[in-house]
Amino acid sequence: MAVGLKEAQDLWTGNFLETERRLRDRQPRWLRELRAEAWEHFRNLGFPMTKHEEWKYTNVAPLARTSFLPAPAARLAALPATEPAGPRLVFINGRFDPELSSPSLPAGLRAGSLREALSRDDLAAHLARYARFDRQPFVALNTALFEDGALVEIARGTVIEQPLWLVHLALPAPQPSVSHPRVLILAGEQSQASIIETYAAAADGVVFTNAVTELAAAQDAVIEHYRIQQEPPSFYHIATVQYYQGRGASILSHNVVFGGGLVRNDVNSVLHGEGAECILNGLYLASGEQHVDNHTALDHAQPHTSSREFYKGVLDGKATGVFNGKIIVRPGAQKTDAIQSNKNLLLSTEASINTKPQLEIYADDVRCTHGATVGQLDEEAVFYLRTRGIPRDTARELLTFAFAADVLGRMKVTAVREQLERELFRRLRPSGD
Amino acid sequence: MLQIKNLKAKVGDKEILKGIDLAVHAGQVHAIMGPNGSGKSTLAQILAGRDVYEVTEGEVLYEGRNLLEMSPEERASAGIFLAFQYPVEIPGVSNMYFLKAALNTLRKARGLEELDAMDFMELVNQKRKLLGIDDAMLTRSVNEGFSGGEKKRNEIFQMAVLEPRLCILDETDSGLDIDALKAVAAGVNAMRSPERAMIIVTHYQRLLNYIVPDFVHVMYQGRIVLSGDKELALKLEEHGYAWLDEALERGELVAV
Numbered sequence: 001m002a003v004g005l006k007e008a009q010d011l012w013t014g015n016f017l018e019t020e021r022r023l024r025d026r027q028p029r030w031l032r033e034l035r036a037e038a039w040e041h042f043r044n045l046g047f048p049m050t051k052h053e054e055w056k057y058t059n060v061a062p063l064a065r066t067s068f069l070p071a072p073a074a075r076l077a078a079l080p081a082t083e084p085a086g087p088r089l090v091f092i093n094g095r096f097d098p099e100l101s102s103p104s105l106p107a108g109l110r111a112g113s114l115r116e117a118l119s120r121d122d123l124a125a126h127l128a129r130y131a132r133f134d135r136q137p138f139v140a141l142n143t144a145l146f147e148d149g150a151l152v153e154i155a156r157g158t159v160i161e162q163p164l165w166l167v168h169l170a171l172p173a174p175q176p177s178v179s180h181p182r183v184l185i186l187a188g189e190q191s192q193a194s195i196i197e198t199y200a201a202a203a204d205g206v207v208f209t210n211a212v213t214e215l216a217a218a219q220d221a222v223i224e225h226y227r228i229q230q231e232p233p234s235f236y237h238i239a240t241v242q243y244y245q246g247r248g249a250s251i252l253s254h255n256v257v258f259g260g261g262l263v264r265n266d267v268n269s270v271l272h273g274e275g276a277e278c279i280l281n282g283l284y285l286a287s288g289e290q291h292v293d294n295h296t297a298l299d300h301a302q303p304h305t306s307s308r309e310f311y312k313g314v315l316d317g318k319a320t321g322v323f324n325g326k327i328i329v330r331p332g333a334q335k336t337d338a339i340q341s342n343k344n345l346l347l348s349t350e351a352s353i354n355t356k357p358q359l360e361i362y363a364d365d366v367r368c369t370h371g372a373t374v375g376q377l378d379e380e381a382v383f384y385l386r387t388r389g390i391p392r393d394t395a396r397e398l399l400t401f402a403f404a405a406d407v408l409g410r411m412k413v414t415a416v417r418e419q420l421e422r423e424l425f426r427r428l429r430p431s432g433d
Numbered sequence: 001m002l003q004i005k006n007l008k009a010k011v012g013d014k015e016i017l018k019g020i021d022l023a024v025h026a027g028q029v030h031a032i033m034g035p036n037g038s039g040k041s042t043l044a045q046i047l048a049g050r051d052v053y054e055v056t057e058g059e060v061l062y063e064g065r066n067l068l069e070m071s072p073e074e075r076a077s078a079g080i081f082l083a084f085q086y087p088v089e090i091p092g093v094s095n096m097y098f099l100k101a102a103l104n105t106l107r108k109a110r111g112l113e114e115l116d117a118m119d120f121m122e123l124v125n126q127k128r129k130l131l132g133i134d135d136a137m138l139t140r141s142v143n144e145g146f147s148g149g150e151k152k153r154n155e156i157f158q159m160a161v162l163e164p165r166l167c168i169l170d171e172t173d174s175g176l177d178i179d180a181l182k183a184v185a186a187g188v189n190a191m192r193s194p195e196r197a198m199i200i201v202t203h204y205q206r207l208l209n210y211i212v213p214d215f216v217h218v219m220y221q222g223r224i225v226l227s228g229d230k231e232l233a234l235k236l237e238e239h240g241y242a243w244l245d246e247a248l249e250r251g252e253l254v255a256v
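So the protein sequences, as listed, match chains A and B.
Quick note, the first sequence lines up with residues 1 to 433 if you use the working numbering.
Quick note, the second sequence lines up with residues 1 to 256 if you use the working numbering.
Since the hints were made in silico from the structure, they are not lab data.
Be careful, since some hints might not be right.
Going by beta-carbon spacing under 10 Å, a handful of chain B positions derived as facing chain A [to be verified]: (1) 50; (2) 51; (3) 55; (4) 56; (5) 91; (6) 93; (7) 105; (8) 178; (9) 193; (10) 194.
C-beta: ideal position from N, C-alpha, C; glycine also.
Build the full structure now, drawing on both the sequences and the hints.
Right, dumping it as structure tokens:
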């Protein structure tokens with residue numbers, strides 16, 4: 001159902017008032033104030049227009065004009081067999097489902113429903129203190145309206161061997177629905193863990209997922225974070241991942257986008273302590289009429305911080321892509337070492353990508369390099385494979401797979417990598433066999 | 001096995017092959033020599049199915065079939081192999097995976113059973129020693145970061161594993177040091193057999209000291225202008241390609 005922008009705004013106001021009323025008695029004052037402040041920011045910022053530099057190539061009007069109702073609470077008898085058996089938290093339509101989640105977790109790891117934890121006053125120091133709801137309208141919207149999500153705390157000095165899965169599943173309603181999953185991960189000093197967030201749907205439908213993840217890594221924490229989005233093409237998916245890194249903290253991030261119709265991801269890190277290191281890997285695969293926008297921002301706030309960014313995209317059909325990689329080097333952040341790379345493969349003449357590095361450097365003793373490529377499959381390589389007997393289509397699939405799997409090869413959790421390699425292979429051969 | 005009749009081809013508006021006639025029979029080794037730009041690499045690529053060249057006239061029969069109507073992969077299945085002058089780098093695809101996929105595709109097309117991992121490894125180990133291919137080269141991406149010599153050896157190694165019936169070597173000797181050249185030649189010689197034919201395209205006579213051809217053809221300006229036995233290669237080496245120009249001017253050579 002399409003509505004004008006004014007009506008859309010009224011509808012979101014209705015959503016806010018309804019959420020506010022429903023949660024009023026269950027949340028502490030700091031949170032009520034936080035939500036009101038975030039709502040105020042959203043009202044002022046409004047839905048971003050394409051004249052806004054950060055949203056130049058992504059038009060959210062179709063989303064803004066759809067009247068979404070809050071996704072209803074829903075139950076699922078069992079998880080699809082493809083879901084992980086390891087330690088996991090499961091969220092259906094943005095709400096924690098204790099029955100589908102692991103009954104116990106490894107020692108040193110506390111993880112559960114964010115909603116259940118909201119009465120804790122100490123969360124005020126962390127929740128919404130990293131993701132910028134004063135600047136990013138969708139972060140503001142999430143902050144004002146989130147119902148639930150995950151709170152993950154890794155105790156100081158602990159090494160969690162098994163990866164923790166945060167499984168987000170959407171069960172579409174008959175009308176368009178929206179959920180605002182919220183994840184807060186607090187990694188203690190010298191802790192080590194892998195956290196895998198997945199976003200998928202149990203059925204087709206019109207759904208808007210507006211997710212925000214904040215991850216604060218204290219001194220010398222070593223965290224590997226995955227975000228794997230495989231929602232149907234009828235979905236709108238807007239997400240912000242905000243990392244905040246203390247001294248010597250290391251984050252290895254993987255952002256995999258296979259699904260969604262209109263997708264926008266912002267993956268940002270503030271390298272706030274000397275010696276912090278951030279690696280951002282990304283793979284996006286789009287076909288049909290999918291639009292996938294990845295914005296990243298690495299904010300080198302202290303000296304001797306390093307970042308490595310490696311994003312690759314494969315676009316087919318009429319798909320459109322956007323990559324914007326911002327690197328900020330703050331005054332005094334000497335010896336910053338940043339390398340950025342974005343490579344794109346266009347499989348059809350109608351697919352397109354806008355890719356742009358954006359460097360803002362305010363220190364003089366730094367190394368920042370960037371490179372972007374957009375190309376087609378190497379016909380010489382296709383011919384070479386064919387002269388060895390490999391049929392043309394198989395040769396093209398093999399080369400495309402190799403191009404994309406390069407990103408997956410950087411994942412440390414073997415089970416995830418292998419699962420995604422199979423999924424990638426399946427998606428690259430729509431005919432299947 | 002192979003019959004080329006009055007083959008003419010162009011790329012864009014430029015005519016490169018101006019009427020090639022050549023017959024190659026099983027068991028024979030033909031060398032095609034000629035200066036740079038004479039069209040010999042174009043001929044090799046056309047035989048393998050490269051579609052950037054447009055064949056404007058003539059025909060090519062391979063074991064009685066119209067070769068020009070076959071796709072590159074069909075030609076490979078039918079037993080044609082081109083060792084590339086410039087082997088292509090394929091990042092992300094391991095040499096082993098590639099070779100196994102190729103071999104099993106070819107075996108399937110030829111009605112043979114696919115090889116399992118064990119049998120494949122045994123075959124690979126047997127072939128690689130001859131060409132000085134070490135284990136590390138097998139696990140690396142196809143040709144990626146290989147030296148010129150490694151790439152050429154890898155081509156002949158693939159040829160040894162895939163066991164084609166018509167081997168076309170396009171300037172396999174260029175850029176090789178003497179040890180690599182000997183290794184490549186040993187690999188090729190080990191494959192000579194009464195059932196198999198070879199076309200060796202080369203600029204220099206040097207390779208032909210190690211792979212002795214039955215016939216030598218000289219290509220010049222898109223035509224085969226002279227054919228003979230291995231002595232012809234020595235004569236070319238002695239006089240250089242400039243001699244061709246002069247001989248043509250004196251009317252001693254007539255385009256065939």
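Mind listing which of the numbered hints don't hold for this structure, in increasing order?
Numbers 3, 4, 8, 9, 10 - these are the hints that the structure violates, sorted from lowest upward.
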